[in-house]
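Q: Take the sequence shown: its letter number 2 is residue 2 in the numbering used here, and every next letter is one higher.
Since the hints were derived computationally from the structure, they do not count as laboratory data.
By construction, the Cβ of each residue, glycine as well, lies at the ideal position given by its N, Cα and C atoms.
Honestly, I wouldn't trust all of these hints.
What the hints assert, rightly or not - Distance condition first, Cα-Cα at most 25 angstroms in a straight line; then the derived SDA-like pairs of lysine to any residue: (1) LYS55 <-> VAL45; (2) LYS48 <-> LEU25; (3) LYS131 <-> ILE141; (4) LYS48 <-> HIS27; (5) LYS55 <-> TRP43; (6) LYS55 <-> GLU65; (7) LYS48 <-> GLY67; (8) LYS48 <-> ASP59; (9) LYS55 <-> GLY34; (10) LYS131 <-> GLU182; (11) LYS55 <-> LEU41; (12) LYS131 <-> GLN119; (13) LYS48 <-> ALA37.
Claimed, not checked - Now the in silico label distances, taken between C-beta atoms and shown as ranges: (14) HIS27 <-> GLU47: 25 to 31 angstroms; (15) MET68 <-> GLU47: 31 to 37 angstroms; (16) ALA118 <-> ALA96: 44 to 50 angstroms; (17) GLN76 <-> ALA109: 33 to 39 angstroms; (18) GLN119 <-> GLU182: 37 to 43 angstroms; (19) ALA74 <-> GLY107: 45 to 51 angstroms; (20) GLU73 <-> VAL49: 31 to 37 angstroms; (21) TRP43 <-> ILE64: 41 to 47 angstroms.
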Amino acid sequence: MQLFTGATQVATLVTAGEAEQLPVLPHWGELIFGVIAFAILYWIVREKVVPRLEKMYADRTAAIEGGMRQAEEAQQEAQAALEQYKAQLAEARVEAARIRAEAQEQGAAIIAELRAQAQAEANRIAEASHKQIEAERAQAIVSLRSEVGRLSTELASRIVGESLQDEVRQSGIVDRFLAELEQGGARPETVGQDA
Numbered sequence: 001m002q003l004f005t006g007a008t009q010v011a012t013l014v015t016a017g018e019a020e021q022l023p024v025l026p027h028w029g030e031l032i033f034g035v036i037a038f039a040i041l042y043w044i045v046r047e048k049v050v051p052r053l054e055k056m057y058a059d060r061t062a063a064i065e066g067g068m069r070q071a072e073e074a075q076q077e078a079q080a081a082l083e084q085y086k087a088q089l090a091e092a093r094v095e096a097a098r099i100r101a102e103a104q105e106q107g108a109a110i111i112a113e114l115r116a117q118a119q120a121e122a123n124r125i126a127e128a129s130h131k132q133i134e135a136e137r138a139q140a141i142v143s144l145r146s147e148v149g150r151l152s153t154e155l156a157s158r159i160v161g162e163s164l165q166d167e168v169r170q171s172g173i174v175d176r177f178l179a180e181l182e183q184g185g186a187r188p189e190t191v192g193q194d195a
């Protein structure tokens, strides 16, 4: 504000026509030279410096906006990649759960199959054991019949006093005796004692 009032005072003094020179006012030659120099300087700044500054400002603004655009694009790409990763992770979890369920089902099926095989094998072994026991029992019965027949024949030979070594006769006597024993009709009798 003081500058403006000072300039108005100078203009007033110059226009009033005071003859005496003020020490603050320059000579007319210096004033004209200063105005021309200022105009040239103003023109250089306006034509050369300001366009360069504006170009630098525009380039800088474009670079910043481009960087912001790139940052936004990168952020969008990162968000898309994150969504894709989440989708793949969810898909992998579903796949893992499916595989785990299939493995459990297969494991249960294998266990059931092995149990069935083990049961079948146990039944086969038990049946084979029963057959073997029956075969051994039959063999033991045949062996015992043969032994009982031989002992009976020998005992009867001693009691009767005649030889019963004839195979057909011996077999008939033994079979008849064993049949009576099985039916419960044969009773042992004591020989040689008074009843």
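Q: None of the hints should be skipped; say for each whether it holds.
A: Hint-by-hint comparison with the structure:
{"no.": "1", "hint": "LYS55 <-> VAL45", "verdict": "holds, 14 angstroms"}
{"no.": "2", "hint": "LYS48 <-> LEU25", "verdict": "violated, 32 angstroms"}
{"no.": "3", "hint": "LYS131 <-> ILE141", "verdict": "holds, 15 angstroms"}
{"no.": "4", "hint": "LYS48 <-> HIS27", "verdict": "violated, 31 angstroms"}
{"no.": "5", "hint": "LYS55 <-> TRP43", "verdict": "holds, 18 angstroms"}
{"no.": "6", "hint": "LYS55 <-> GLU65", "verdict": "holds, 15 angstroms"}
{"no.": "7", "hint": "LYS48 <-> GLY67", "verdict": "violated, 28 angstroms"}
{"no.": "8", "hint": "LYS48 <-> ASP59", "verdict": "holds, 17 angstroms"}
{"no.": "9", "hint": "LYS55 <-> GLY34", "verdict": "violated, 30 angstroms"}
{"no.": "10", "hint": "LYS131 <-> GLU182", "verdict": "holds, 23 angstroms"}
{"no.": "11", "hint": "LYS55 <-> LEU41", "verdict": "holds, 20 angstroms"}
{"no.": "12", "hint": "LYS131 <-> GLN119", "verdict": "holds, 18 angstroms"}
{"no.": "13", "hint": "LYS48 <-> ALA37", "verdict": "holds, 16 angstroms"}
{"no.": "14", "hint": "HIS27 <-> GLU47: 25 to 31 angstroms", "verdict": "holds, 30 angstroms"}
{"no.": "15", "hint": "MET68 <-> GLU47: 31 to 37 angstroms", "verdict": "holds, 32 angstroms"}
{"no.": "16", "hint": "ALA118 <-> ALA96: 44 to 50 angstroms", "verdict": "violated, 32 angstroms"}
{"no.": "17", "hint": "GLN76 <-> ALA109: 33 to 39 angstroms", "verdict": "violated, 49 angstroms"}
{"no.": "18", "hint": "GLN119 <-> GLU182: 37 to 43 angstroms", "verdict": "holds, 38 angstroms"}
{"no.": "19", "hint": "ALA74 <-> GLY107: 45 to 51 angstroms", "verdict": "holds, 47 angstroms"}
{"no.": "20", "hint": "GLU73 <-> VAL49: 31 to 37 angstroms", "verdict": "holds, 35 angstroms"}
{"no.": "21", "hint": "TRP43 <-> ILE64: 41 to 47 angstroms", "verdict": "violated, 31 angstroms"}
In this structure, the hints that do not hold are numbers 2, 4, 7, 9, 16, 17, 21, in rising order.
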